[in-house]
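With the hints as your guide, set chain B onto chain A.
Sequence lines, in order, name chains A and B. Each residue of the first sequence is one higher than the one before, starting from 65 at the first, in this note's numbering. Each residue of the second sequence is one higher than the one before, starting from 65 at the first, in this note's numbering.
Don't read these hints as lab results, they were simulated from the structure. Glycine residues also receive a C-beta, built at the ideal position from the N, C-alpha and C atoms. It is possible that part of the hints are untrue.
[Stated by the list, open to error] Not everything, but these chain A residues come out facing chain B in the computed CB check (under 10 Å):
id : residue
1  : Thr71
2  : Leu93
3  : Glu115
4  : Phe196
5  : Glu254
6  : Gly360
7  : Lys377
There are 2 protein chains.
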Amino acid sequence: MKAHIITIGDEILIGQIVDTNSAYISKALNEIGISVYQISSVQDERDHILESFAFAKANSDIIIITGGLGPTKDDITKHTFCEFFNDELVLSQEVLDHVTHIFKAYVKRPLLEANKTQALVPSKATILTNRFGTAPGMWMEQDGKVFISMPGVPHEMKGLMEGSVLPKLQEQFELPYILHKTLLTYGMGESALAQRIETFEDELPATIKLAYLPSLGRVRLRLSTTGTHKEEVDATMQIQLEKLKPLIEDVFVGFEEKGPLEVIIGNELVARSKTLAIAESCTGGSIVQRFTANPGASGYLAGSTVTYATRSKTEVLGVDEALIETHSVVSAQVAEAMAKQVRDLYDTDYAIATTGNAGPTKGDSEAPVGTVYIGIATREGVKAYHFMMGTHRERVIGKAVNKALELLHEEILKN
Amino acid sequence: MKAHIITIGDEILIGQIVDTNSAYISKALNEIGISVYQISSVQDERDHILESFAFAKANSDIIIITGGLGPTKDDITKHTFCEFFNDELVLSQEVLDHVTHIFKAYVKRPLLEANKTQALVPSKATILTNRFGTAPGMWMEQDGKVFISMPGVPHEMKGLMEGSVLPKLQEQFELPYILHKTLLTYGMGESALAQRIETFEDELPATIKLAYLPSLGRVRLRLSTTGTHKEEVDATMQIQLEKLKPLIEDVFVGFEEKGPLEVIIGNELVARSKTLAIAESCTGGSIVQRFTANPGASGYLAGSTVTYATRSKTEVLGVDEALIETHSVVSAQVAEAMAKQVRDLYDTDYAIATTGNAGPTKGDSEAPVGTVYIGIATREGVKAYHFMMGTHRERVIGKAVNKALELLHEEILKN
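Excised from the complex, chain A in its bound form (with noise of 0.2 Å):
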C-alpha cells in the first residue's frame, strides 16, 4: 500500500509556514504499515489542485489531503475536492449540529453564515467528525483508490488521523509491518561513522536499508525493514542491532524510538529520584525548553534560570563578580560557577550551565564567536568542558544544547 500526501496551500509555496503535517502523517502511516510515495505541495488553485489529484491516483492506493477547508473565501480545496469526483456539496445535519454546539460551548459567538458552510458536503463522501474544529474530513473512494481530505489546522489533523483515519484504514486493509530503529549517536562525524561500520553494512542483508542523518553535532543511524510477520520482522532486526551496537558503543546513546535524549535523560532521573536545575546564557532557554516541552517534566526539573545579561550572573545567580573580571565572562571557571550556583540555588542532584558567544558579534566578552563552555554540577563537584562550535548562531545554540544533553546523560550514567 503506497500513499500520497498532497498539501494545499499558498502560505507552503510562499515559504510562509513549514509544512509540519506531513511529517506527522507520514510517521503514522508508517506505523500501521503504509509506505508514504511521495509528499506534494501545491497552491490553493483549481487546475492545480485537480492535476495533482489526478496524478496522485496514478501511482498511489492512499491519497490524503490536508489544507484549504476553512471558512474563508481563499479556501477552495471542498469545492475542487467535489469537482474531481463529480460530486456536488449537500448540506449534512450531523455538521451542521457539529458546528452550532461547537460555536454554543467554546467559541460563545452566534453562528456566522461563513461557519454554516462548513456543514456543505459532497453527497457522496463518508463524514469524519473533527472534534476539534469546524471542517469535518471527508472520506471518498473510486477505482478502488481512496482519498482522505483533512483541514490543515496541525492539531485538528491529529486528532482526525488519530479517531477516524488510522482505525478505518486499518480495518478496510491487510497492512505488513514496518519497523524502524533509529540509533541516536554523539561526537563522531558521519565519514568517520561509516568508516568505523562498514563491513557491517556490506552485510546486511537486502531486506534491511540502512541511512545517516547527521545534525549538529550528532547522527541518526536508522535501520528499516518491512514484513507481513512482525515477529520475523523483529527477529532479523534484533540480530542486526546485536551486530551493529557493539561497534558504536562509544557514541552510542539510546534509540529515537525512546523519544529524544532530554526524554532519555528524564526518565533516566525520574528512575534513580534525581533532580536536575539548569542556567542559562548562550543557549538562552532552549535547554530547558527541551525539556519542559514534554509531559513529565515535574517530576525531576527544578527550573533553570537563564542569566542573560552579565549582571544578571552576579546578582541572580550569585556568580562571584570577581571571577568574572579575571577570566571573563565565557570561561570555564564562569560555567562552572554557574553550575555550582545554580545547583545550590535550586538545592538538585544535578546542574547544567551553558556560557557562550553564539554571535553574530561579540557581546561582554573577547571570546570569539562560537565559543561555548558547558558546566555540569553534582553533590560531588563541578567540571567545564570548553567548545569551538563555528559562527553560525542557531546552530551555535542547537550543538550547545545538544552537547549539553550528551555531557548531562554521561554524567548520569557514571551513578
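Just chain B now, kept in the frame of chain A:
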C-alpha cells in the same frame, strides 16, 4: 518564471524529519520574483527521482533539488542527476582542493575515501562552491530549463542559495516583483475577522490576493500581488493597506515582514531604552527562548527564571509561601507575585510571568488543564489576566506564549 522544489530523502517520507528547506527556498525565490509552483518530496530511489525530474521539467522553468548528496552509500542523488542528463562523473580538482582544505582546517582528520568521492561531479554541470560543507552545488541547463542540486543540510543549502543560486538566477533572468504584506492580528477569530472586513475583501482588485492564516490565538492576514514595476506594485499595495488598517486597528500589532512579535517588542524596548525580565512556569522557557533566538536580545533582555517546581517559586523567586497556600500555585495572585518578584530580582522596567496547567495531568494545583494566568509588572504596578486555553498541552503552551507577548506589547505601547 515558475519553480519546482524537489526534496530527496527517505527521512522525510517516513516522517523522521520535517522538511524546513522548502519553506526557506520558497521564501527566498519569492523575494527575487520567482513563484513556486510545487514542492515534491521523494524517496532515495532512482526511478522515482528520475520521474520527479521529468515531471518538474514539464511544468516549471527552474527545478531546485536538495538532499542525497552526502558521502555515505544511501545518498544517490548525484548519480541519478548525472544519469538524467546522460552525463558522466569527472574529478573536479577545485572541489577536491576545497574538501582537502575543509578537512585540514576544521575536521582535523585525514581525508577518507568517501570524502574524496565528493569531488566527482557531472562533466556538464557548473559547480557552485559550498562554503560550509564538502558536497558541492551543481547547476545544469537543458532545453531552457535550469536544474540546481544542493545538499540537504540546511545551513549548507542556505549558504549556496545566498552565495550562488539567487545571484545567478537574478543575473540570468528578467524577473518580476512579487510583494507580500502580512498583517499580524491578535485576539479575534478567523471568521469574525473575515466578516468584519468582508466589504474590503469583495472590493479588492483582482491583482491582489488575500489569505487568512489562523494559528494559536492569532490570525495573519496576507495580501499578495505582483508586477514588473516595483513602484507601481508598492503603490497599489499601499492603497489597500490604508483601507484595511483602520478596519482592524484594535487587533493589529504589526507587519510580519518586520519580524515576529518578539522582534517587534525587542525593537520597541531598545528604542525606549527599557528592559525585560521573565518568570515562566507553565510556558517552561518557551517565552525567553523566543526572544533569545534573535540576535540583539542582550540589548533589552536581563533574563528569565523558569520556576517549574512549586518550591522554586518560593525559594528562587521569593514568592510568599502563604500566598501559594491560600490561592494555589495557579492563580492571579501568584502570577502577579511572580511578575513583581522577577522584575525586582533582575531590576528591569517590564516583567511577564506565567503560571498555569498545560496538562496532560493536573500538577501541584486543582486548576483544570488549560488554565493560564499571565502577570505583567511595570515600575508602576502589576496585574494578572486569566485564560482558558484548551486541553492540548503543546497548544496551551503556544497560546500562552502568544498571549503573553500580546499583553506585553500592549503594555509597552501605553508609554
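A quick look at each hint next to the structure:
1. Thr71: holds, 8 Å
2. Leu93: At 8 Å from the nearest chain B Cβ, Leu93 of chain A passes the 10 Å test, so the hint holds.
3. Glu115: holds, 8 Å
4. Phe196: This hint holds: Phe196 of chain A lies near chain B, its Cβ roughly 8 Å from the closest one there, short of 10 Å.
5. Glu254: holds, 6 Å
6. Gly360: Holds - the Cβ of Gly360 of chain A comes within 10 Å of chain B, reaching about 9 Å at its closest.
7. Lys377: Check passed: Cβ of Lys377 of chain A comes within 8 Å of chain B, closer than 10 Å.
Checked against the numbered hints above, the structure breaks none of them.
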